[in-house]
Each structure stands twice: as structure tokens, then as C-alpha cells.
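Residue numbers (this note's numbering), protein chains in the order written: chain A, -4 to 209; chain B, 9 to 322; chain C, 1059 to 1587.
Some hints could be false.
What the hints assert, rightly or not - On the chain B side, residues computed to face chain C include the following (Cβ under 7 angstroms):
id : residue
1  : A41
2  : A47
3  : R63
4  : T69
5  : L75
6  : T78
7  : P81
8  : P156
9  : K161
10 : P166
11 : T170
12 : F185
No lab work stands behind these hints: they were computed from the structure. Backbone N, C-alpha and C fix where the C-beta goes; we use that ideal spot for every residue, glycine too.
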Amino acid sequence: MTAAAQVADQYDDAGQQRYAATLGMWVFLATEILFFGVLFASYAALRFQYDQGFAVASRHTDMLLGTLETGVLLTSSSLIALAVRAVRLNERRSAVTLMAATAALGLTFLVMHGFEYYKEYTEHLIPGIDFSQPGVHAHAVELFFCLYYCITGFHSLHVAIGVVVISTLAVRVARGSFGPHRYTFPELAALYWHLVDIIWIFVFPLLYLIGRGG
Amino acid sequence: MSDLARLLVDASSLAPQVDALFWFMVALCGTVAAAVVWAVLYYSVRYRRGSNADRSGEPSTSIPVELAWTGIPAVLFIGVFIWSLFVFVKMRTPPANAQTIYIVAKQWMWKAQHPGGQREINTLHVPIGVPIRLTMTSEDVIHSFYVPAFRVKQDVLPGRYTQLWFMATKLGDFNLFCAEYCGLDHAKMGGHIIVMRPPEYARWLDGNAASGTLAAQGAILFRSHGCSGCHSPDAAIHAPDLNELYGQTVHLADGSAVIADERYLRDAILLPNQRTVAGYKPLMPSFSGQLSEEELLALIAYLKSTVESHHDHD
Amino acid sequence: MTTIDAAFYREGGLRSWLTTHDHKRIAILYALGITFYFLLGGAAATMIRLNLVNPAGSLLSAETYNKTFTFHGVVMVWFFLIPSIPTTLGNFLLPLMIGARDVAFPRLNLASWYLYMAGGLFTVAALLAGGVDTGWTFYTPFSTMFSNTHVYLVVIGVFVTGFASILTGVNFIVTVHTLRMPGMTWFRLPLFVWTMYAVSLVMVLATPVLAMTLALIALERLAHLGIFDPALGGDPLLFQHLFWFYSHPAVYIMILPAMGVVSEIIPCFVRRRIFGYRFMTYSILAITVIGFMVWGHHMFVAGQSMYASLLFSILSFVVAVPSAIKVFNWTATLRKGAITFEAPMLYALGFIGLFMLGGLTGLMLAAPALDIPLTDTYFVVAHFHYVMVGGSVMAYLGGLHYWWPKITGRLYSESWARAAAILMFFGFNLTFFPQYVLGYEGMPRRYHSYLPDFQALNVLSSAGASILALAYLMPIAYLLWSLRAGQPAGNNPWNARGLEWQTSSPPPEENFRHQPVVREAYAYDEAAP
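Just chain A, with the same shape it has in the complex (with noise of 0.2 angstroms):
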């Protein structure tokens, strides 16, 4: 009953194929880690020369959901670990379940940030729309404010795209377009989400914690 996989013009079999799309996939995240790596390098230029500032304005973020933000996405990150699994093992149910579950923790997550961002607007840190704040740091405050709103902006972007990408796959899933033969779409839209998660794990100590030790 599972679909077999189509082998296009250019390949000779399907094992090609699938290598030939999982490298692309991989050279494409390298792509990626190289678009958040000029807001990281961009912040440790930035941080290397206002490491005060950037503490005081670290202590400004929410602790309590960039935690639970975390928690969410490693989450999510293994659930569709395990739909891969039940998808290459043709339970069909459990796969479109956990990848629904990972569509909604992502959700979540961006209803989360969404939060964040307007316990901040309510205390005048969004740069360029709404930023006042007193005391000598200010300007470092909104220098960093300005890439936490670049940097996770960016990443939520990455999970809003993550979360279609998985619903989508869902439904095709449910549909039966994929199977034990067929899982390569399903394997890449999982390396795409386990790089977001691995990002967040960068994001969060930078943004999140720096100004909270000792």
C-alpha cells in the first residue's frame, strides 16, 4: 500500500536520489548556520564592546518562557525524530500524531515569543517602534534588543516555515505518500527542524542568560 518511490530523469535509482537530495538539504542548513552566523558575529562585536550593557539588558528577557521555549522546541525536536522512525516503519497513525505534536509545540512556541514580545512592548524595549529606558546602559539596552528582535525574528520565521512544512507533511502522511520505500521528504523536513532547535540552543545562553551569572 505504501507509495514507491518515482525516480526522476536524471538518476539512475532511488538510492541516488536520496542522497543526492539529503546532501542538497545539508549544504542548504550550511546556508543557513552562515545567515544567523552575521547576527551572531554581529552580536559578539557588538557584546565584545558593551559587555556591561549587554548583561543589564540580558536581565531584561523572560527567564521563565525562554526556558519553557527551550523545553518546547528540544521537545518537539525528538517527537519528529520518532514520527521519521514510525514513518520508515509504516505506522501511518502514530506518525501523523507525533508530527502534529511537533506542529503544535512550534506553535507554541511562537505563541510564547509572541508574549515575550509584548511584555516588552509594554515596557518600552522594542527599538524603532516603542524603546525608552532609563539608566546609563540604554543605548548597549538597545543595541541588544535590536538583535534579540533580529535574531529570534529570524529563528521564529524559521519555525513559523517549520511548522507549515510539518502540517503539510502531516496530511500527506495521513494521505499515504509516504512509506518504509518513500521517507526522504519526511527526513529532510526533520533535519530542517532539528537545525532551527539546534540554533535556539545557541540563541537562548546568548540572549537569555549571559547577564544572569554570578
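Mind docking chains B and C on chain A? Use the hints.
What follows is chains B and C alone, placed relative to chain A:
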């Protein structure tokens, strides 16, 4: 080609050193280029199709040959790098006895302030044979201070000081250009460097005397902006003493130490509490937006003068 | 139904072209786009040279002049030079040279073309409608806080085109890894394929940095973010570091494919194998890797620390070594050959000369002590035009002539082609050599008007530019004419050894009717049908 001779005049102490390296490189690169072009032409003629040249026994690769033409250029390049290193370090290191003149760039003009308080726009008078160090900043975008005859160039950035030094060795009037694209009238943002004999320069300074030296102007600002209210030994508020501070090591509250140079003083005035001095409370208000770039430089000149006057007494 | 469709595709209706997944057709689509943008950028160059004929710059106002050189830079760099060889010759030849039926992701390939054209047309529209006066380098804070031109739109256009570049890179990397035919090991790959692989790595690793940096510029204008703005505590040098982290490797995106083309042309017309194949591949890889570590040599006077400058300087000297190796190997290939001088060979020899001059002057600029007086003057302008125009464009045209019979199945007029190549060489030198002298004399770049002392050399340069313009227009005429009136080319008009010459001209949709067999690099046997 008289144009060329006039434009290529080497009018600073650095210029002959730069030129020596330049012409050496021209000779070296020219030799390499000539050799390759000669080889290409020679082979093209000798091995054109139909010629009766011997074509036997030529391998399509030869490791010794490859290693030779990897190694020889590498050694030559490193040699040139080392030569260039010495010249470059000299270009970037002003002599200790250099006299400071302050430059403020803005779209599209160059403003200069002499230590004596004289100001000029798009012209800079300097004495011959005296090392001159320019401390430069910009009020708006990035500019670049470029004097071809001196072979010097340095970008001038907003929000920080960059420096450049030269010692003029020829009298005359030399072109000053802005070399970093800065908007509409970039091409017109030029001027003249006028190199004079020291007595004439002294006369020029006298003839353009301002209301007090730059340091004196800075001293007035130091009082009028209320700096002296805290930074004086008898003030009620406990603030660091700024006398003879310039060039000293400052210990900061976070345990690090910095040299109180022009950049540090600038940051300390504009962003005072970003790096608190050890043993003091972060109480100073920021003067960001209250002082023009020129006033800032006058204040710094004043703070530096407290050291210089001390040395004069030694 | 299939027969009707097949007939439809053979007829080449517009719809079949715009929905094609065939790498050869996509290559031709790219070639049209690239020619279009080249003509636009060339028109801007013509305006620049005409304006500089007299010192007052009386043809254009300062504002228009600034917008014109920005237009020239943006269009030529992102819409002509960077895509030029990889997307046209690369797209056409890469699968043919490795014995594949297509690239790994044909649909993605077409999508890249659409992104490229959309980004390009959007940018050109923005540049023509309002213009941008920041220069192609978008230095902050001028581009973020001071320019009141359409920086957003242009930045968005370049951003979109960046994705076209990235996707092409991903496609090529995967194609080379997965679709090599049996026996086509890495050290049997044609050198052109090696350069395509290297250039794809650079595209994939450098372009995201540019895209993100430009996005930050747009955000900074939109929301006054201040990451690059000193007035808000940001750092304008950070922008320059990020910009050149892309834009220096971008130079290698332009020159590596040119080296690949020349490495194919020379052995063909010398009738000998390339000298030092292995060293040629090592030098390609060395350039790719070290090319990522030299960006700071654009910033010797920008205010970076002296020690950083010295580090970038020595790495810049090091990256010149593999380029030198390549020049020596091409020259050595000529030895003991049986050389003929068809148009592609003339372009290739011209390339060696011009690239060498561009490279050697680059060596001078790698020494900070010389870069200080020379940077931001016409010396630098001459240097990078020698590399990018004398190097990349000559090689692109050489490659276009070399593979034209394969691409179109027709022969062009050899005498016209030789005349154009020779005219181009002299026109180019007349245009750009005087600029070296101008730069050493101290004429800064991006000047709308200049001191009368500089006039003689500027007039000489403009005169050269008019010859160069003519030389660039000639191939358009005789190549198009060859489509109507050219002799049929046959499979292998040059008696070349590459795999692409073993199939018909133009190749069938599946590229090879019978799968050939590889013996070693550039040696193939025809397989039994």
C-alpha cells in the same frame, strides 16, 4: 608628462620609502609579466601548428617544476611582505614628538583646528620638517583624508578617532582629497596642504590667532559645561581628578585597565558610565549631543595640556 | 498526447522555454538575461566615461553621476559577473562534462533563473525609477542614515538574487557529488568542473552573509536599528567586515570559472594535455579556501588594527601563489604543442596577459604600505577591471565562442570573431591601463569632476572605452547572424577531447545517446550502443 612629475612629487619623509617599495614591485612584477609574455609569444611562434620544432618526450606534468614555481613566488612574496611590513609599521606609528592637529570632516568639507586655536577650512598650514599627527573624526559619514604627495591616507569615521601622521619635506601647496565616497559632492571635498618654513608658519599662526589656544578654549568649556564642578580637588562630589590624566593607566571597576588616550577620553565624556573608574560611583551624566565634535576635541586638548604644562616644568 | 508535446517543445514555443527543466535551455535563458544586464551596465559605463572626458564632468550632474556608477557597479557585479560563467556555460556544460543527464535538481535550477530575473528586473526598475547613490558597496552610515535614495528596493533586489546564487551553488555541489558517471572519479574531472565545484562552495558559504548584511541595512533604514550606526553606538566597520567577507570571495566567484574556461580552451588549441593537472586542481582548492581569509585587505585604511592588517596582508600574498601556479601551467602547456589561433584561443591568451597584470597589481595592493596611497584611487579601479573584465569577461567570451558550436550547432564567422577578440584586447588596455597611472598620480575613484591635471589620461581612457564598446557589440551581431547563416558545426568542430564533444551539437535532451566510458581525465572511449 610634466603633469606626472608635478603630481608625483614626494613631499613627505614617508614618500621616498613608499616609492622605493612601489618601484621595486613595478620592476619585479614587470619582469615576471615580461617573462611570461615572452614565453607565451615564443612558444606560440615556435610551436605553431606546422612548424618543424621538436615535440618529442615532453611530460604533461613535472613535480620538481611545479614545486619550483610554487616555492619561488612564495619566497619572493614573503620577502616583499616583510619589506612592506617595516614601511607600514612606520606609516602607522607617529613619532613621540609629533605635533597634534585636529581634523573634523563633514559633508563636504575639512575643518582643521591647530593647538593654538587657529581654525581653517579645506586648507591646512603645516611647518616643514616637523612631524604632524592628525587626530580625525567625522560629523556624519565616512570620509578619507588623502594627500597623494605625502603618500598618506586614512579613513575618517564618525564616532571615533583615527590618526595619521606625516612630516613634510618640501615647501608648497599640495592637494588634499576625500578618498572615501561620501555622497553628492564627494568629488569637491578637497583642499590644500600648505607647507611653510617654520618662521613663516609661526607668522601665519600669529596672523590667525584665535581667542586663546585650543586648550584654553577647552578650559572654558570645562567650566561652562560644569565639568569643573565635580572634577576638581575641592569639589563636593567625589569625581576622578583629571589633571595629568592623559596617557596614564586607568583602573576600571570591572578590574580591567585602559590607557587614557583620546579615544578613551571621548568615550568617557559621551558614554561616561559604560566603564566606571574603580572606586567611583557611576554618577556622571552623558554629554552626548551637547558637545560638537570640535568642542570635544578642544576639551581633550585641554585635558592633554595639563600633562604638557607639567612636563614643561620638569 | 506526448507526441504533440514533443513537437511543441521542438518548436520551442515560449511556454516550453519558460517551463523547461532542461539544463541546456536554462543555460540559454540565463545567457539572455546576462546579456541584457551586461548591455545595461555597459550603457552606464559609457555614460561614466563620457562624463569624465572633461574635468568639470559637464555631461551629468553630480547626483546623476553618483547614481550612474552605483547602477554600473550593482548591475555588473550581481547581475552580470557573478552569474555569468556559472549559470550559462556552467549550467550547459556541467552535466555534459560529467556524463549526467541533467543537474541534480532541475526544477530548482529553473526557480533560480526566475529568482535571478525577478531580482534583477526589480533592481533595475528601482535603479532607473529613482536611483541609488551609495555605490555598490553600500557603506554605512551613508547608506543607512544619510542617503535619501531607494536603498531598500535595491537591497531587496540583490537579496532575492542572492538566493538564485545560493540555489545554483547547492545544485552544482550535489550534481558533482552524485551524478558523475561510472569511472568519473574526482581526479578525472575536467578542470572546468573543478572550478564549478569550487565556485559553488563559495556561493553557498559567502552569499548568505551578504544577504543577511543587506537585510540588516534595510532594517536599519526602516527601524533605525543602529547596529552599524555610530550615532547609536553601532559599528560601521562591522558592516565593512561582513560586506567584504562576501565580496572578496565574490571576486573568486568571478575569476575561478574564468580559469576553468581557459583551462579547457588552451589544451584544445595547443593539442596537448594541460600541464600539471593535479597542481591545477590543488590551486583551485587553495584559492577557494584562502580566498575566505583575506577580506580585510579591503580595509587597510578603514581603521582596523595594524595587526589585523598585517595578518590579512600576508594571507593575501599567500593567495596569490596558486594563481601564479595557474599562469605558469597554462604557459607550460603551450610548450611542444601544435598551436592554432582560433578566436577562443585568442581570448584565452588575452586572458592570461590581462589576468596576470590584474593579479600582479593586486600583489602591490596586498602590501599595506602601498595600499595606503593606492586604495580608493583609480589604481584600484584599474586593478579590479583587469581581473574582472580583462579576466572574467574575456574568458566568458572565449568560452562562449569555444562552445557556441556545441550550444547552437552552428559555426560563426572566424575572421569576425578574431577581429573582435583583438580589438577587445587593445580597447581594454587603452581604457584601463591609463587608470593605473591616474591612480598612482592620486586621482580618487567615484569622482564626478576632477583636477584638470588628470584630463589627458582620462580622455585616453574614454577613447579606449569607445573601442571596447564597439568590440563588445561585434560578437552580438555575428553570433546572432551565425544562428541564421552559420555552417552546421558537427559534433566536434575543434577536435577537442572533452566529453561534451562526444555527443551531437546541440546535444539531445538526455545529453548522450550512448553512455561513454572514462579512461582518465580528458580521455573517453565510445561505448557500444
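Close enough to count: is the Cβ of R63 of chain B nearer than 7 angstroms to one in chain C?
Since the shortest Cβ distance to chain C is 4 angstroms, the answer is holds.
Chain C contact restraint on T78 of chain B - CB to CB distance below 7 angstroms
6 angstroms, holds
Closest C-beta approach of T170 of chain B to chain C relative to 7 angstroms, hint status
The hint holds - T170 of chain B has a Cβ within 7 angstroms of chain C, the shortest such distance being about 5 angstroms.
Once the shortest beta carbon distance from F185 of chain B to chain C is found, is it less than 7 angstroms?
With Cβ-Cβ at 5 angstroms, under 7 angstroms, it holds.
Restraint outcome when A41 of chain B is required to lie within 7 angstroms of chain C by C-beta distance:
6 angstroms, holds
Using Cβ atoms only, decide whether P166 of chain B comes closer than 7 angstroms to chain C, and label the hint accordingly.
Since chain C brings a Cβ to about 5 angstroms from P166 of chain B, closer than 7 angstroms, the hint holds.
Are P156 of chain B and chain C close enough, Cβ to Cβ, to be under 7 angstroms, as the hint says?
3 angstroms, holds
Interface restraint verdict for K161 of chain B against chain C (beta-carbon cut-off 7 angstroms):
Holds: closest Cβ of chain C sits about 5 angstroms from K161 of chain B, inside 7 angstroms.
Proposed interface contact between T69 of chain B and chain C, which counts if any beta carbon pair is under 7 angstroms
5 angstroms, holds
Would you settle whether the hint for P81 of chain B is holds or violated, based on the nearest Cβ-Cβ distance to chain C being less than 7 angstroms?
Result: holds, 5 angstroms to nearest chain C Cβ.
Mind checking the CB of L75 of chain B against every CB in chain C and telling me if the closest is under 7 angstroms?
9 angstroms, violated
Given hint A47 of chain B near chain C, where the shortest CB pair must fall under 7 angstroms
5 angstroms, holds
When held up to the earlier numbered hints, the structure conflicts with hint 5 and nothing else.
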